[in-house]
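**Q** As a plain string of letters, each chain reads:
There are 2 protein chains.
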Amino acid sequence: MLTRLLISNYQRFFKQINFVNREQFCRNHCNTMSKTALILAANGSEEMELVITGDVLRRAGIDVTIAGLEGSGPINCSRKVVIVPDKALTDVSSSEFDIVILPGGLGGAEAFASSSAVGELLRKQEAAGRWIGAICAAPIALKSHGIALKKRLTSWPGKESELIDSYAYQQERVVVDGKLITSRSPGTAFEFALAIIEQLLNKEKADEVGKPMLVNL
Amino acid sequence: MLTRLLISNYQRFFKQINFVNREQFCRNHCNTMSKTALILAANGSEEMELVITGDVLRRAGIDVTIAGLEGSGPINCSRKVVIVPDKALTDVSSSEFDIVILPGGLGGAEAFASSSAVGELLRKQEAAGRWIGAICAAPIALKSHGIALKKRLTSWPGKESELIDSYAYQQERVVVDGKLITSRSPGTAFEFALAIIEQLLNKEKADEVGKPMLVNL
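Residue numbers (the numbering used here), protein chains in the order written: chain S, 1 to 217; chain P, 1 to 217.
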């Protein structure tokens, strides 16, 4: 008797949700919960670009893993902030992520560029048609591993000369081309993170996250 | 003979530096090296506000110490980024800093508000006529410890109702009143950090740091 009452209430509840509401619910919740992001981190990574991206994506409900290139121990970032990654890169190398993100910072970007593990991860990501993001100096690692060649891309202005022959170089603050999202510097990191949310989820979610943070767009 | 030649060249060099150049040199170098900032951190602190402030101030040459309220161990920030502070607050309680800065994040701000050590630190800072900075939810800790009462101040909009009776509440992105600098949210953290540089050093240094980061002002 109680079971039938519960089922009946349950059915009534779902009848009340029309298609628009269900779609909205899914866009806000179902969709959000299913997205995953891997952010790489290495000694010399730019802490603002790392932290802004991770924090803002988590505000959108994206499941973010910060993975240390050199292991799971503390990372000395470019301006001496010490960050402990969630995992070592070796712990997640067999996992799939909707997006793999490379923060800048010259030391970190050079470590990504010379790492065969990062090369393998990026090639697998590209071959599977999944997203790749890179900000500031990190696009040099894309070039080093032969990723997304000839695509429209931006970077820290100081790296333009290294990238201009291999890519359709842009000077916009955020550039999206296919499944590649790139950006320029710590001062564009909020826009980079919100663009990732817009691409992985939707514009409404990006606005929902961006507005309460009072981001100057 | 050689000694006299060296002295003569030395004197000629210093005669060539006019007053304006020496003043500029001092503003860019001497002044910068002498400034110190203490940034408090606690479990629940907002990692973007903590990291943006620390990183940007370090770019200006300010000697920044991140001090953990609960000790020198790793801090679990509001969006699960783990940061290792430079020191425990107890290690620096007898030191003097040009500015003491409180990042937001509700959990962290509430910990600052209920900590007698933070209260003592802030009262000592205010009594000595030195700078205090607070962003987002952190101004509730100023109120809790009776700091800068009736001054012009801003905060995370959600905390306006708690502060409006004790302060001349403002809705600007950054507010400076006397030796108090306050701001609103992660999206205003770059402006907060650059305002601190402008007040502790000068506008030229703030521009020199802000422009290459491509901060959207």
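Don't read these hints as lab results, they were simulated from the structure.
Watch out, some of these pointers could steer you wrong.
[To be verified] With a straight-line cut-off of 35 Å between C-alpha atoms, the simulated DSBU-like cross-links for lysine-lysine are: (1) K179(P) <-> K143(S); (2) K179(P) <-> K203(S); (3) K124(S) <-> K87(S).
[Claimed, not checked] To list a few chain S residues with every Cβ distance to chain P over 10 Å, as calculated: (4) E46; (5) E120; (6) R130; (7) R152.
Each residue gets a CB set at the ideal place from its N, CA and C atoms; glycine is no exception.
**Q** All the hints need checking, so say for each whether the structure fits it.
**A** So, going through the hints one by one against the coordinates:
1. K179(P) <-> K143(S): violated (48 Å)
2. K179(P) <-> K203(S): At roughly 40 Å apart (the allowed maximum being 35 Å), K203(S) and K179(P) break the hint.
3. K124(S) <-> K87(S): Distance of about 19 Å is within 35 Å: holds.
4. E46: Answer for E46(S): violated, closest chain P Cβ roughly 8 Å.
5. E120: holds (26 Å)
6. R130: Its Cβ never comes within 10 Å of chain P, the nearest being 23 Å, so this holds.
7. R152: holds (18 Å)
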